[in-house]
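Trainee: Chains A and B supply the protein sequences, listed in that same order.
What the first sequence shows, in my numbering, is residues 2 to 223, in sequence order.
What the second sequence shows, in my numbering, is residues 3 to 403, in sequence order.
By construction, these hints were calculated from the structure, which means they are not laboratory data.
Just so we're clear, the structure is a prediction, and the values are computed from it rather than from any experiment.
Glycine included, every Cβ here is placed at the ideal spot set by N, Cα and C.
Warning: the hint list may mix true and false statements.
To be verified - Derived Cβ-Cβ restraints for the label pairs, each shown as a range:
1) B/Ile385 with A/Leu88: 30 to 38 Å
2) A/Asn193 with B/Arg20: 41 to 49 Å
3) B/Asn295 with A/Glu7: 30 to 38 Å
4) B/Val363 with A/Ser162: 55 to 63 Å
5) A/Glu7 with B/Ile385: 47 to 55 Å
6) A/Gln101 with B/Ser159: 57 to 65 Å
7) A/Phe68 with B/Arg20: 40 to 48 Å
8) B/Pro360 with A/Leu88: 53 to 61 Å
9) B/Ala336 with A/Glu178: 55 to 63 Å
10) B/Leu11 with A/Ala140: 13 to 21 Å
11) A/Glu78 with B/Arg20: 54 to 62 Å
What the hints assert, rightly or not - Some chain A residues well away from chain B (every beta-carbon gap over 10 Å; in silico):
12) Val39
13) His66
14) Pro112
15) Arg126
16) Tyr141
17) Asp218
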Amino acid sequence: MILKAEKITRQYIRQSRNKNVFMAVKETDFTLEGGQLVEITGRSGSGKSTFLNMLAGLLAPSSGHIFVDDTDIYAMEDKERSRFRNLNMGVIPQGQTGLQSLTVLENVLIPCKMYGDEGKEEYARKLLDYVGIGELKNAYPNELSGGELRRMSIARALIQSPKILFADEPTGDLDDENTRSVLRLLRKTADNGCAVLLVTHEREAAEYADKVYRMNDGVLTM
Amino acid sequence: MRFAKELALRNMKRKPMRTAALIILAAFLAFSVFAGTMIVMSLQRGLESYQTRLGADIVAVPFEARTKGSLDSILLQGIPGYFYMDSQYYEKIKNTSGVEVATPQFYLALASAGCCSIPVQIIGFEPETDFLIQPWISQSYSGTVGDGDVIVGSDISVPLNHQLRFYDTDCNVVAQLDRTGTGLDTAVYANMNTIKQMMKNAQALGFHNFDGINADKVVSSVMIKVAEGYTIENVANDINIHVRHIEATPAKSMISGIGEGLSNVSGIIGILTVMIWILAIVILMIAFVMIANERTKEFAVLRVVGASRKMLVRILRTESALISVIGAAIGAGAGCLMIFPFTGAMRTRLGLPYLLPPAGVIIGVLIGAIAISVFAGWMTSYISARKIAGNETGLILREDA
Numbered sequence: 002m003i004l005k006a007e008k009i010t011r012q013y014i015r016q017s018r019n020k021n022v023f024m025a026v027k028e029t030d031f032t033l034e035g036g037q038l039v040e041i042t043g044r045s046g047s048g049k050s051t052f053l054n055m056l057a058g059l060l061a062p063s064s065g066h067i068f069v070d071d072t073d074i075y076a077m078e079d080k081e082r083s084r085f086r087n088l089n090m091g092v093i094p095q096g097q098t099g100l101q102s103l104t105v106l107e108n109v110l111i112p113c114k115m116y117g118d119e120g121k122e123e124y125a126r127k128l129l130d131y132v133g134i135g136e137l138k139n140a141y142p143n144e145l146s147g148g149e150l151r152r153m154s155i156a157r158a159l160i161q162s163p164k165i166l167f168a169d170e171p172t173g174d175l176d177d178e179n180t181r182s183v184l185r186l187l188r189k190t191a192d193n194g195c196a197v198l199l200v201t202h203e204r205e206a207a208e209y210a211d212k213v214y215r216m217n218d219g220v221l222t223m
Numbered sequence: 003m004r005f006a007k008e009l010a011l012r013n014m015k016r017k018p019m020r021t022a023a024l025i026i027l028a029a030f031l032a033f034s035v036f037a038g039t040m041i042v043m044s045l046q047r048g049l050e051s052y053q054t055r056l057g058a059d060i061v062a063v064p065f066e067a068r069t070k071g072s073l074d075s076i077l078l079q080g081i082p083g084y085f086y087m088d089s090q091y092y093e094k095i096k097n098t099s100g101v102e103v104a105t106p107q108f109y110l111a112l113a114s115a116g117c118c119s120i121p122v123q124i125i126g127f128e129p130e131t132d133f134l135i136q137p138w139i140s141q142s143y144s145g146t147v148g149d150g151d152v153i154v155g156s157d158i159s160v161p162l163n164h165q166l167r168f169y170d171t172d173c174n175v176v177a178q179l180d181r182t183g184t185g186l187d188t189a190v191y192a193n194m195n196t197i198k199q200m201m202k203n204a205q206a207l208g209f210h211n212f213d214g215i216n217a218d219k220v221v222s223s224v225m226i227k228v229a230e231g232y233t234i235e236n237v238a239n240d241i242n243i244h245v246r247h248i249e250a251t252p253a254k255s256m257i258s259g260i261g262e263g264l265s266n267v268s269g270i271i272g273i274l275t276v277m278i279w280i281l282a283i284v285i286l287m288i289a290f291v292m293i294a295n296e297r298t299k300e301f302a303v304l305r306v307v308g309a310s311r312k313m314l315v316r317i318l319r320t321e322s323a324l325i326s327v328i329g330a331a332i333g334a335g336a337g338c339l340m341i342f343p344f345t346g347a348m349r350t351r352l353g354l355p356y357l358l359p360p361a362g363v364i365i366g367v368l369i370g371a372i373a374i375s376v377f378a379g380w381m382t383s384y385i386s387a388r389k390i391a392g393n394e395t396g397l398i399l400r401e402d403a
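Required output: the full structure, derived from the provided sequences and hints.
Mentor: Encoded structure:
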């Protein structure tokens, strides 16, 4: 599966600053192929997350197109695009993301249960073991630390065996050992044929990446 | 749908206080609609029943009826009362021009009959002239009401042997009447001979209330039907001018007083219901908007893992629908608990005829109240659902980062 962005831009209107237009991502072309782990680095506010969210189908670009193989993902209806994302993309968002009313295991299984796929409980347990929080499967998100929550969202992003994985600062709350473990997992995922886009500040991540880009004031450079 | 329901139930379970508060609000909606509608319908039906039972154009009572217990309180609230006038007034009324039929009634009050837990009013009528009670009785009893026979209202409990004893007078219960929602439900009906015998027995037993009254020479009220070509008001005026010591009142004015009371009570209930609805709907709306705001990030997570905008709306609306259904069922149940066991108390408190509608209508109102409340509760989540559906996930995640 090939992800291709053609001349995409994203601008925001800043209500607080006399409604001036702010260009978060300037015109950019980008390609991500299966088996690749591509890292995007850059300082905070440089447009990395905006770029990732556009590629993941979560934020419509102001201009340009994003294709997965030959399909323009923003030409799809919302329902179709959502299902497409559910089946083909895994997203590890920034911050701590968990549904408070569900246990860790149930949180990981959301992408499957959402569309009636009930048979992945065993796989979910394995993923939780792999990210090191298997014993917390019956805990609720409010009982978890920031790092544990991050690992839960990694397991959730992998549960559907996605063809494209978007990871936005996946090691943000992790210690060195766990950071390496997550980076190894992402590398392994790419080696298994998945296209992985990693947005991070982590210097160590470059060792695991096939390509490293830098985002500077909305401009993506090698 | 299964996922939406499961998630909604889990959310409700994890936040029991919030869920309980929302359910209570939803319950208020159903309770106010059901209880309000039932009270208004029962009052209207009671008034219709009272109109039918009163049946006369003019009611004439002695002046003393004002002090010894008015006809209204006897007929409407079932408060036993008695008052008497010389039967010569009946003869005079009968001969007034414009009076087509006049029939006397005789009232005897009984504080305790040994048969009933409630005070009993005994009403005597004259079978030869009666045009009010016998047509009504004929719906339950086709025979004649002979000496010693009584017919009882729906609230009187009848022993298995059908025998009741009033003031040492053995009576045979020949029929029981349908409910009217008025004081007539606690009344006992007998012919003139029987009721006058009761009074004589009461006097013999030493009941001083009836001292100095010659049962054979008095009546309590005269019910009048006006002949064609005469106006009720004119005939009533004529009687008041020509027959002293009595007061003739057009029955319509008695009813109109009740009608006014009914419309006042209905108005108050209507205003209260509207106020409860406005308040509950506003609070529910705010609550759902707050829930949506509180869970913006959660909804963004659901979008990230593949939920469509429609699915998010369905999740939120399933939750509000479940809360509304549970609340409406509880509210309607509470309404039933208030309406049915306290029918008698309501009638006494309101002082108006009060007759519950038939079971079919009650079930219809119950289903309607639940349906309206569920719909209202479900609709209150509309704003929050729209807000959630309109959010751009990427922006939510960016704001939160």
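Trainee: Any hints this thing doesn't respect? Which numbers, in order?
Mentor: Checked against the structure, the hints that fail are numbers 5, 11, 14, 16, while the rest are satisfied.
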